[in-house]
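2 protein chains.
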Amino acid sequence: MKLTVLGCYAATPRTFTNPTSQVLEINNEVFLIDCGEGTQVELRRHKIKFGKIKHVFISHLHGDHFYGLIGLISTFMLLNRKTELHIYGPKGIKEIVLLQLKYANSWTGYPLYFHELSSTGPQVILNTRKVTVETIPLKHRIYANGYLFREKPKPRKLLMEEVEKYNIDVAYYKGIKKGKDAVLEDGRIIPNVELTEDPEPPESYAFCSDTSYTPSLAEQLENVTVLYHESTFLEEHAYLAAPTGHSTAREAAAIARAAKVSHLVLGHYSTRYESIEAFKKEANEVFDSVHLADDGKVLHFE
Amino acid sequence: MKLTVLGCYAATPRTFTNPTSQVLEINNEVFLIDCGEGTQVELRRHKIKFGKIKHVFISHLHGDHFYGLIGLISTFMLLNRKTELHIYGPKGIKEIVLLQLKYANSWTGYPLYFHELSSTGPQVILNTRKVTVETIPLKHRIYANGYLFREKPKPRKLLMEEVEKYNIDVAYYKGIKKGKDAVLEDGRIIPNVELTEDPEPPESYAFCSDTSYTPSLAEQLENVTVLYHESTFLEEHAYLAAPTGHSTAREAAAIARAAKVSHLVLGHYSTRYESIEAFKKEANEVFDSVHLADDGKVLHFE
Chain B
1 MKLTVLGCYA ATPRTFTNPT SQVLEINNEV FLIDCGEGTQ VELRRHKIKF
51 GKIKHVFISH LHGDHFYGLI GLISTFMLLN RKTELHIYGP KGIKEIVLLQ
101 LKYANSWTGY PLYFHELSST GPQVILNTRK VTVETIPLKH RIYANGYLFR
151 EKPKPRKLLM EEVEKYNIDV AYYKGIKKGK DAVLEDGRII PNVELTEDPE
201 PPESYAFCSD TSYTPSLAEQ LENVTVLYHE STFLEEHAYL AAPTGHSTAR
251 EAAAIARAAK VSHLVLGHYS TRYESIEAFK KEANEVFDSV HLADDGKVLH
301 FE
Chain U
1 MKLTVLGCYA ATPRTFTNPT SQVLEINNEV FLIDCGEGTQ VELRRHKIKF
51 GKIKHVFISH LHGDHFYGLI GLISTFMLLN RKTELHIYGP KGIKEIVLLQ
101 LKYANSWTGY PLYFHELSST GPQVILNTRK VTVETIPLKH RIYANGYLFR
151 EKPKPRKLLM EEVEKYNIDV AYYKGIKKGK DAVLEDGRII PNVELTEDPE
201 PPESYAFCSD TSYTPSLAEQ LENVTVLYHE STFLEEHAYL AAPTGHSTAR
251 EAAAIARAAK VSHLVLGHYS TRYESIEAFK KEANEVFDSV HLADDGKVLH
301 FE
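If you read the protein sequences in the order shown, they are chains B and U. Here the first sequence stands for residues 1 to 302, numbered as in UniProt numbering. Here the second sequence stands for residues 1 to 302, numbered as in UniProt numbering.
Treat each hint with caution, since some may be false.
It does not matter which identical chain is meant; a pair holds if it fits inside one copy or across any two.
Keeping only pairs whose Cα atoms sit at most 25 Å apart, straight-line, the calculated DSS-like set for lysine-lysine is [to be verified]: (1) K102 to K139; (2) K91 to K102; (3) K157 to K178.
Hints in this document: simulated from the structure, not taken from any laboratory.
Looking at chain B on its own, in the form it has when it is part of the complex (with noise of 0.2 Å):
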């Protein structure tokens, strides 16, 4: 599972800080969470290949996550995309987008798939051969909703040196990965706990950005194996958070702490703070493994 940082900071692009975006790339699929203004811009730097997004997930109409939405369907369109790319977002991003290619007078050449939500509850939305998303609904000063990203199960892993004892043609190996027992030619049954071991558990990645500190979220993100959560404030502003439907650094390790998530990471923070190194240092306080997110960052999760 791979996480590249496009952009973490928030409320207003500025020189050397982008607002929210990220690339997800887990279980060789490719998705774009949140699109700020310069998303595609960093995509570019980062030599992520316009083809390989099929998929964009935008978790609130907050100016700061999608104001480069509507340029990179208009790049995708000069370049001649013919890949479909499916929006999933809340209601009137249809209506946004659409607007502005009726005024342009430019309709994109490739189909452009609009998934509106308007759900207070989570709801699987995509169901691949490889993953699941299903929404995350926070709690903010519009709708928004997270992303939670889950691998679906792996195959059963081979054991070789077992297979080849057995004299197992290839043909069945599909089936044996997917747990059934081996049927020799003398008609013996090999059952299939001797010819493989368990895969590595699938792994997910829930993207929890902007929300106000909600402790009931932990429920659906039990376990999850990467949680980003937005810590807009240090505890010092906490007085700022909740207004403004935002968490504190502190919040956003209790979350994962009680979710009994893997790794923690941190972003959407002020552009009030000098450093970052103290957001992290907070939520240390409370939960062991937190990464900070920094635009360009790129992290690898095993």
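Given the structure of chain B, go ahead and fit chain U onto it with the hints provided.
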């Protein structure tokens, strides 16, 4: 007159090229012309104070000329701007901006005025104490206007030696600069021509992008000081220019020559060309004073 080119490349923003946006400072007024994605970051990079920008002129509703506008408006909001902001652009721009503010449930704390254009003839759209701005109807794939900024005639220059010789009180200076004669205490009349000399002639700046080659433009552009005219293509790609509503460098120069402007600035280059020097060379075959716009370039004209 000072022109800061924030971006001058056609089509999509890239790692090292920005879409169209420029800041014109003329007669102590500051105008933002077009506002492609990333403009707010370029304004910061050039340390152009946001508060100085009170008028934004959008040529047309293709993304590379206005996708940065909504972000700029939002950032002004987040920074608690109080000064009014005027947006001039094609009909539709108000609907696009307000739709996005509505879904963000965010409204500007500063007065935001839209001046939507639909006229197909030139019209004066701004008339301050120091400058007038009129539209330049352009021929492009969608409704588009250039903008012509003209300094108001400046006051006559006092010949201080003469003024002091007659012991004229400072209270009369303003009137004399406007062209009045002086009446001395003994009743003598000193004709204005003895006390003043002609001021600098008013300067003017015409922004023409995007447009196909339109010879009739020369009439409205006659004798302007500086003409910015798009040159998306070189002559070798002239066959692409007309159908896409664009011009070549040679065509831009032909307009400059026919209009007898003092200086031509080229820009809106297609990113297909490795170097922009060829644009100057081609235009120079037709017109002498050719300047190449480039991202980050500041041009002074006296």
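Hints versus structure:
1. When the C-alpha separation of K102 and K139 is checked against a cutoff of 25 Å, the pair qualifies only between copies, where the shortest distance is 19 Å, while the shortest distance within a copy is 33 Å.
2. For the homomeric pair K91 and K102, the shortest alpha-carbon distances inside one copy (18 Å) and between copies (12 Å) are both at most 25 Å.
3. Taking the shortest Cα distances, K157 and K178 sit within 25 Å of each other inside one copy (9 Å), while across copies they are farther apart (92 Å).
Violated hints: none; the structure is consistent with every hint.
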